[in-house]
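Novice: Each chain, letter by letter, is given below.
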Amino acid sequence: MEFLVDKYADKLRRAGLCENPVVGGLDDVLVWNRGADPAWTARLTPVFGRMNISGLVFGCPAEPFATILEFLAAEYPDGFAPKDTETRTFLHELPVIHEFTPKAVADVLGRRKSVIIATPSVMGIAAHGSVTPEQGFVTFSSVCFSSFVLFFSEYLRHVRAGTVSPARRTAFEAAVAHLEPMVEQGPELACGPFADREAALQAMVEAGRATVEYRLVDSYFGNISCLLNQELLISQTGSSLDELPGLIDFCPLDGSSTACLTASSELTAHSQVYAKAGGRAILHGHPRFTVILSMDCAERGQNVTCEIGKLDLCHVKCPAKRYLSGEDGGVPIVPGEVGTGPNGLANTLPAAMTGRGAAAVWGHGLFTLGNTDFNQPFQALLDIENGCRRRYFATVDAAEGRR
Amino acid sequence: MMNASEESRTGLCGTGQSLTGWTGRILSVDLSTRKIGTMELSHETYATWIGGKGLAGFLLRPQITLAWDNPFMPIIFMTGPLVGTIAPTSGRGVLMTRSPLTGTVGDSSFGGALATQLKRSGWDGVVITGQSEELVGIEIKDAEVQIVSAEPLRGLGTEAVFRALANKGSVACIGPAGENGSLLACVMVDRHHAAGRGGLGASLGAKQLKYLSVSGTGRVAVADRILLKKAREDIVRLTMASPALMGQQGFACFGTGAVFDLMDARRMMPTDNFRSTHFSDAGKVNAFAYRERYQPEKYGCKGCHIQCKKVRPGVGGGERRAMPEFETMSHFTALIGNTDMDLVLEINALLNDLGIDTIGAGATLACYREIDRQEKGHRVMDASEILELLQGMAQGPEHLGGGSRRYATAHELPWASMSVKGQELSAYDPRGAYGMALAYATSTRGGCHLRAYPISHEILRKPVATDRFTFSGKARIVKIAEDTNAVVDSLTACKFIFFAAGLEEYARAYSAVTGLETTAQDLLRAGERIYFHDRVMNGINGFSIRDDDLPMRFFSEAGSSGGGVEIKPINRKEFYQARERYYRIRGLDERGKPLREKADELGVAW
Ligand code: SF4
Ligand SMILES: [Zn+2]
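Note that the protein sequences, when read in sequence, are chains A and B.
Reminder that position 147 of the first sequence reads as 147 in my numbering, one-by-one numbering, no gaps.
Just remember that my numbering sits 403 ahead of the position in the second sequence, which is counted from 1.
Next up, chain A with everything else stripped away, as it sits in the complex (with noise of 0.2 angstroms):
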């Protein structure tokens, strides 16, 4: 237990979520990572006594996110529902409340993961799990995933419609400021074609953790395949990039075996996508600005001509081509839920991949196709987010312009 406490804390620091995070365990007896804050660690262990949990984590998120909760605790009190994948499949609300106490906080985690507090000292997320202290880090990562996503995006519809308030605007400038600067040029990663398991492994291995190291993806989701002879190989579910080796599943194309039931998630998608469009080597991530802008059309909500629109379920059957770049022949974006369902991206996501080798799930991720390893798909992951990345503030700006 101690040693997942410490791993869990260990990994909100390394992914910039949180610099001082306090993480519990409890079996019989609860432990609290080592260098977490005593007046914290008091504060939240009677939560422990009023719930059936066996991990706790909290932290005051780290920069953009802090600056970004605390807009966002603000502009809606009781809390909010961002449209990513991330919230509607698992999280399915960000609920807040503006008392720090046991009770408070266990009132919420009662009924869902996560809860935002926010009291004029803290703004702080705690996430709970009943299975070990990584259901906590899981969500907070997502919390602070969504809160982004929802923030710049809502930033962009409000400047369009010239309705941005001072407080959203000051908020926006602040949060802009702490952005990593962006990277241009990924790592050199193994170059194909892989002679054997043990290579192709190794190259998924290396490729994770880059995909995790350059922020393309919140440690625990997205997801890497690579075709190999007559077998796929492909990361487990819930398995963090970062964390392959030992977890990776090999599936053999004909079926003959069932052995590789945990495989991702995705694993349906990604035969298909070998299938339709060739290539030999996937990725998927959850870029930020990547799912902002798969959101981003001018035809949803309210007083808009799109039926699905107005329905709300642009995710599922979004009908138009639309493109990352706002152009023709960019990057197409499909609906798609996750998974094998009848919305399920499998059915979407295949033929979208065979013109450019990449296609983008409304408000979920990216995926990248590569023909001999990993450099082509990670290259083109990064490339696409910096594009997104730019043309998001290329249309602010041009907004802030026009108005």
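Calculated from the structure, these hints are not laboratory results.
All of these numbers come straight from a predicted model, not from anything done at the bench.
Possibly wrong hints are sitting among the right ones.
[What the hints assert, rightly or not] Some chain B residues well away from chain A (every beta-carbon gap over 12 angstroms; in silico):
id: 1; residue: A450
id: 2; residue: K544
id: 3; residue: S552
id: 4; residue: A569
id: 5; residue: G621
id: 6; residue: S679
id: 7; residue: A786
id: 8; residue: P817
id: 9; residue: R879
id: 10; residue: A903
id: 11; residue: D952
id: 12; residue: F958
id: 13; residue: F978
id: 14; residue: L998
[Unchecked claim] With a cut-off of at most 25 angstroms between alpha-carbon atoms, the simulated SDA-like pairs for lysine to any residue come out as follows:
id: 15; chain 1: B; residue 1: K633; chain 2: A; residue 2: D107
id: 16; chain 1: A; residue 1: K7; chain 2: A; residue 2: E19
id: 17; chain 1: B; residue 1: K632; chain 2: A; residue 2: E19
id: 18; chain 1: A; residue 1: K317; chain 2: B; residue 2: R635
id: 19; chain 1: B; residue 1: K633; chain 2: A; residue 2: E307
id: 20; chain 1: B; residue 1: K705; chain 2: A; residue 2: P342
id: 21; chain 1: B; residue 1: K632; chain 2: A; residue 2: L311
id: 22; chain 1: A; residue 1: K317; chain 2: B; residue 2: V714
id: 23; chain 1: B; residue 1: K971; chain 2: A; residue 2: G246
id: 24; chain 1: A; residue 1: K7; chain 2: B; residue 2: F872
id: 25; chain 1: B; residue 1: K1001; chain 2: B; residue 2: R928
id: 26; chain 1: A; residue 1: K7; chain 2: B; residue 2: E636
id: 27; chain 1: B; residue 1: K633; chain 2: A; residue 2: L311
id: 28; chain 1: B; residue 1: K1001; chain 2: A; residue 2: L26
id: 29; chain 1: B; residue 1: K1001; chain 2: A; residue 2: R50
id: 30; chain 1: B; residue 1: K632; chain 2: B; residue 2: H708
id: 31; chain 1: B; residue 1: K701; chain 2: A; residue 2: N343
id: 32; chain 1: B; residue 1: K971; chain 2: A; residue 2: M1
id: 33; chain 1: A; residue 1: K310; chain 2: B; residue 2: R628
id: 34; chain 1: B; residue 1: K687; chain 2: B; residue 2: V714
id: 35; chain 1: A; residue 1: K103; chain 2: B; residue 2: A450
id: 36; chain 1: B; residue 1: K976; chain 2: A; residue 2: L30
id: 37; chain 1: B; residue 1: K633; chain 2: A; residue 2: N347
id: 38; chain 1: A; residue 1: K83; chain 2: B; residue 2: K632
id: 39; chain 1: B; residue 1: K633; chain 2: A; residue 2: D312
id: 40; chain 1: A; residue 1: K83; chain 2: B; residue 2: E636
In this text, a Cβ means the ideal position worked out from N, Cα and C, and glycines have one as well.
Since the structure of chain A is provided, determine the placement of chain B with the ligands on it from the hints.
Specialist: Frame of chain A; chain B with the ligands shown alone:
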């Protein structure tokens, strides 16, 4: 025939307020006096015990010290508030009484359409007491209830019963095993489903109850349809994102047999009566091989979109037959050294027809085989001998029909029974998953994988993965999972869907159905109460620490290491330490007996 609504209303105080989710009426049938009545419980009782396992346990408690075959011992079929609504996987029910096999509480979740029909006919459940002089059936058609002679069905296999009662709606029945008092007897439901474990078929047999049939035409009232629809969407979305349920290798495609290859790959496939954990022929008899050979079709419980059952088209226009579940596939190949899939199918059909629990039968046969080898030296058991032994299990509680523990004890080789509390273990070797080891031991109904289902996180990585070779953290994880599954069996829903969804989403469905604002933690608290109540009932009947243990083999013999995995014997000291932690977390004393303070805290009668 009697109209139950005109009968005297027995039981507990009705409040007169309207309920949604529950019908507020429980049917009582006394087979000795042939009296049919209605019980009404208070709203508070419903809210406290939810339904299914919880409510059945509440009704069982006053009689729990009686022998399992005492006429006053109730047999309870119970639905839950979600049954008959659009909440996903809500078509399941629970059968509960005192287990003939183990003497513990005996509850078994069953699928099919029976629970839905019961609810639609206006009943939350049926409590059956007494003992009939002749073999009878109970027939329910909405409010009409009758006890009819089933003498013409005496001795018949379940297949013939289902055929004979084809126009009676949904049917639960026993085969010859239940009639003859075999302690491995199960209750078959709607031909392809079973209330499998604990020997509950013998309980029906003791009451001379051959079957229960139900057909209902009503609708289940729901407090907030819009909220329920939203909760349903959230749950369905999560299942679609679940590789284990809906992925191309998941349960929806391959049935529960989808885990077969994985268990072998993880070196935890019980082989040769748990003497090893890897079956070299596994690839020849995996789910893919069954699919290639038999082209099974999808099938499942009412109200479920996963449809994890697989059925084989009937031969020559005959009825479709259930394909073996994972445990049956595994126990009738690896555990007994068989590689003939046709034989597995024949065994599955035979056991379903006789009304015998396939897990118990497989493990008992493996125990017999090991003892036989000890006594007579090595010899090969052929198909006809296997089938004959299985037939023998249906003859009564003697010989193999008493389960492996009785058989092994009679042969003075008790270690050869791979069971906990007398219930045979299922197809997950505990040396490959330490949470599973602890969960087998603490299960209130004996060797059961489903009470805490640690396979979810130790193997399937949901909701997150845990290290399968450590006891660290497992005591609380097992305890919370037992609470979760106790409430799942009370709502009632299917445990499989909890590979994907959680109580967070189901609390929304429950609130929408009942109108009672309830959180996930509220439900978990109810689950804790329900599971602790099991411990209290077992405690009254003398169960304690010595029963919360594993067969010796797991502490002294290694499994089959390989493929980069080492399968060591379980460290007994670490196992006992984890059990101690579990006792503290669960609110038990160091002997495993329930603590009074915990009972008071949870509102469980002492
Ligand atoms: S998943 Fe299978 S067992 Fe569960 S409710 Fe659905 S069909 Fe029944
Ligand atoms: Zn994704």
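Novice: Hint by hint, say whether it matches the structure.
Specialist: Hint-by-hint comparison with the structure:
| no. | hint | verdict |
| --- | --- | --- |
| 1 | A450 | 16 angstroms, holds |
| 2 | K544 | 37 angstroms, holds |
| 3 | S552 | 47 angstroms, holds |
| 4 | A569 | 33 angstroms, holds |
| 5 | G621 | 31 angstroms, holds |
| 6 | S679 | 18 angstroms, holds |
| 7 | A786 | 26 angstroms, holds |
| 8 | P817 | 32 angstroms, holds |
| 9 | R879 | 5 angstroms, violated |
| 10 | A903 | 9 angstroms, violated |
| 11 | D952 | 19 angstroms, holds |
| 12 | F958 | 21 angstroms, holds |
| 13 | F978 | 14 angstroms, holds |
| 14 | L998 | 15 angstroms, holds |
| 15 | B:K633 - A:D107 | 22 angstroms, holds |
| 16 | A:K7 - A:E19 | 14 angstroms, holds |
| 17 | B:K632 - A:E19 | 41 angstroms, violated |
| 18 | A:K317 - B:R635 | 19 angstroms, holds |
| 19 | B:K633 - A:E307 | 20 angstroms, holds |
| 20 | B:K705 - A:P342 | 20 angstroms, holds |
| 21 | B:K632 - A:L311 | 15 angstroms, holds |
| 22 | A:K317 - B:V714 | 34 angstroms, violated |
| 23 | B:K971 - A:G246 | 19 angstroms, holds |
| 24 | A:K7 - B:F872 | 18 angstroms, holds |
| 25 | B:K1001 - B:R928 | 12 angstroms, holds |
| 26 | A:K7 - B:E636 | 35 angstroms, violated |
| 27 | B:K633 - A:L311 | 14 angstroms, holds |
| 28 | B:K1001 - A:L26 | 19 angstroms, holds |
| 29 | B:K1001 - A:R50 | 15 angstroms, holds |
| 30 | B:K632 - B:H708 | 14 angstroms, holds |
| 31 | B:K701 - A:N343 | 20 angstroms, holds |
| 32 | B:K971 - A:M1 | 22 angstroms, holds |
| 33 | A:K310 - B:R628 | 22 angstroms, holds |
| 34 | B:K687 - B:V714 | 20 angstroms, holds |
| 35 | A:K103 - B:A450 | 23 angstroms, holds |
| 36 | B:K976 - A:L30 | 22 angstroms, holds |
| 37 | B:K633 - A:N347 | 23 angstroms, holds |
| 38 | A:K83 - B:K632 | 18 angstroms, holds |
| 39 | B:K633 - A:D312 | 14 angstroms, holds |
| 40 | A:K83 - B:E636 | 15 angstroms, holds |
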